[in-house]
Amino acid sequence: MSDFSPAPGLRPWQRTAAGAGLLAGDGGVAATIFAEMSALATRTGALNLGQGFPDEDGPAAVLDAARDAIAAGVNQYPPGIGAPVLRAAIADHQRRWYGLDVDPDREVLVTAGATEALAATILALVDTGDEVVTFEPWYDAYGALVARAGGVHRTVPLRFPDWRPDHDALRAAVTDRTRVILVNSPHNPTGAVLDADTLALVVELAARHDAIIVTDEVYEHLTFGVRHTPIATLPGAWERTVSISSGGKTFSTTGWKIGWVTGPAALVTSVLAVKQYLTYVNGAPFQPAIAVGLGLPDAFFADTASALRAKRDVLAAGLEAAGFAVSLPGAGYFVVADAAPLGYADGTELCRELPDRAGVVGVPVTAFVHPDRRAAYASLVRFAFCKRREVLDEAAERLTRLAAR
562 MSDFSPAPGL RPWQRTAAGA GLLAGDGGVA ATIFAEMSAL ATRTGALNLG
612 QGFPDEDGPA AVLDAARDAI AAGVNQYPPG IGAPVLRAAI ADHQRRWYGL
662 DVDPDREVLV TAGATEALAA TILALVDTGD EVVTFEPWYD AYGALVARAG
712 GVHRTVPLRF PDWRPDHDAL RAAVTDRTRV ILVNSPHNPT GAVLDADTLA
762 LVVELAARHD AIIVTDEVYE HLTFGVRHTP IATLPGAWER TVSISSGGKT
812 FSTTGWKIGW VTGPAALVTS VLAVKQYLTY VNGAPFQPAI AVGLGLPDAF
862 FADTASALRA KRDVLAAGLE AAGFAVSLPG AGYFVVADAA PLGYADGTEL
912 CRELPDRAGV VGVPVTAFVH PDRRAAYASL VRFAFCKRRE VLDEAAERLT
962 RLAAR
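Residues 562 to 966 in my numbering are what the sequence shown lists, from first letter to last.
The hints are simulated quantities; they were obtained by calculation from the structure and are not laboratory data. Glycine included, every Cβ here is placed at the ideal spot set by N, Cα and C. It cannot be assumed that every hint is accurate.
What follows is a set of in silico ranges between Cβ atoms, one per label pair, in the way DEER data are often shown [claimed, not checked]: (1) 950 <-> 574: 35 to 43 angstroms; (2) 756 <-> 837: 14 to 22 angstroms; (3) 689 <-> 964: 50 to 58 angstroms; (4) 638 <-> 964: 52 to 60 angstroms; (5) 614 <-> 859: 22 to 30 angstroms; (6) 954 <-> 625: 25 to 33 angstroms; (7) 736 <-> 628: 48 to 56 angstroms; (8) 757 <-> 570: 41 to 49 angstroms; (9) 761 <-> 600: 41 to 49 angstroms; (10) 857 <-> 757: 23 to 31 angstroms; (11) 761 <-> 690: 24 to 32 angstroms; (12) 878 <-> 857: 29 to 37 angstroms; (13) 964 <-> 667: 55 to 63 angstroms.
Model the full structure from these sequences, guided by the hints.
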């Protein structure tokens, strides 16, 4: 278990950078590893498997719906809580897939992607000194947002290669000082899908310590052989759970930034109180388009996950052939590989060499952990497989250059 709270005396923006591990020694903001690796990819012409965005467009029906909405004049402010057609589609989606009855007028809030939903939720619920528990590694926004809110970030480690949390460590992390348990499943960067016993324990601990559960479920439809179970469906969970998702990953429209919050009306109203002073509203013509996407047939969702699984297998096989030890993800966009068998104890060093050595870019997993925990993840590298099949085939071929090292 690890705790992190920024040093006293920092400005709010410095706290935010420190929470994400980006506060430089001179008090400025260091460049993210994503920016560094993307610049390397541009300079060297390497294949960029560092960032998690697809290089193919989403379904034609969704793209056409956006064009139609623009042509029809849907270009001004939508309602502050989101366009009625999208809120209805989100409610229908929750009922269709999970059996959750959600009121589209009181229990749904449309946001500027899942990241704004997370920001508004944490800023709404976390006060100075409140503790927020997440698993580690964690999506980099979590640490930044908790720090900006003045909270204390407590983490429970997930370990390569199976990424299963120790339940005793989770019990020790959640106390009466815990305000929020933030659960990301399916998980970024590891691709883990948390098991039923872990989800049930989260609910049990939240009830025991009167904490709020916040879930990040953006990869909910991109699972491989295991079904996603929202925590909000578990007994005793709905009344204390804020569920967050988005359309970007499912429909390959990450640049549209259409996300949402669902949960009890009182919690959604709390989030809205902050959200309305962040973006206010966003993406007017994209909201009805995502509504179309949410209504697509079951076959679309199954085929999308199946195609992504095949891409995962191509990249994982290439990494194994190159000499990496690979943790095969159960969901998401990423595969984590251990470079130690190749003789690299430092994944950051390898990532800086990879563009020239093999023409491929990844990112070190240490970018997703606090500084005091990095030694346990030092040799691990994350690669994205949400790319065209020919790109992944080429990446797998290039990675074989490492085997001859």
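Hints versus structure:
Under the hint 35 to 43 angstroms, the C-beta atoms of residue 950 and residue 574, about 42 angstroms apart, fit the expected range. The hinted window of 14 to 22 angstroms between residue 756 and residue 837 is violated, with their beta carbons roughly 37 angstroms apart. Checked against the hint of 50 to 58 angstroms, the pair residue 689 and residue 964 passes, with Cβ atoms roughly 52 angstroms apart. A hinted range of 52 to 60 angstroms holds for the C-beta pair residue 638 and residue 964, which are about 55 angstroms apart.
Checked against the hint of 22 to 30 angstroms, the C-beta distance between residue 614 and residue 859 comes to roughly 25 angstroms, which is consistent with it. Here the CB-CB span from residue 954 to residue 625 is close to 30 angstroms, well matched to the stated 25 to 33 angstroms. Remark: the range hint 48 to 56 angstroms for residue 736 to residue 628 is upheld by a beta-carbon distance near 51 angstroms. In this structure the supplied range 41 to 49 angstroms holds for residue 757 paired with residue 570, their Cβ-Cβ distance being about 44 angstroms.
Look at residue 761 against residue 600: about 44 angstroms separates their beta carbons, and that is inside 41 to 49 angstroms. At about 28 angstroms, the beta-carbon gap between residue 857 and residue 757 stays in the expected band of 23 to 31 angstroms. Judged by the Cβ atoms, the range 24 to 32 angstroms given for residue 761 and residue 690 holds: they are separated by roughly 29 angstroms. At roughly 30 angstroms, the beta-carbon separation of residue 878 and residue 857 lies within the given 29 to 37 angstroms, and the hint holds.
For residue 964 and residue 667, the Cβ-Cβ distance of about 57 angstroms falls inside the hinted range of 55 to 63 angstroms, so the restraint holds.
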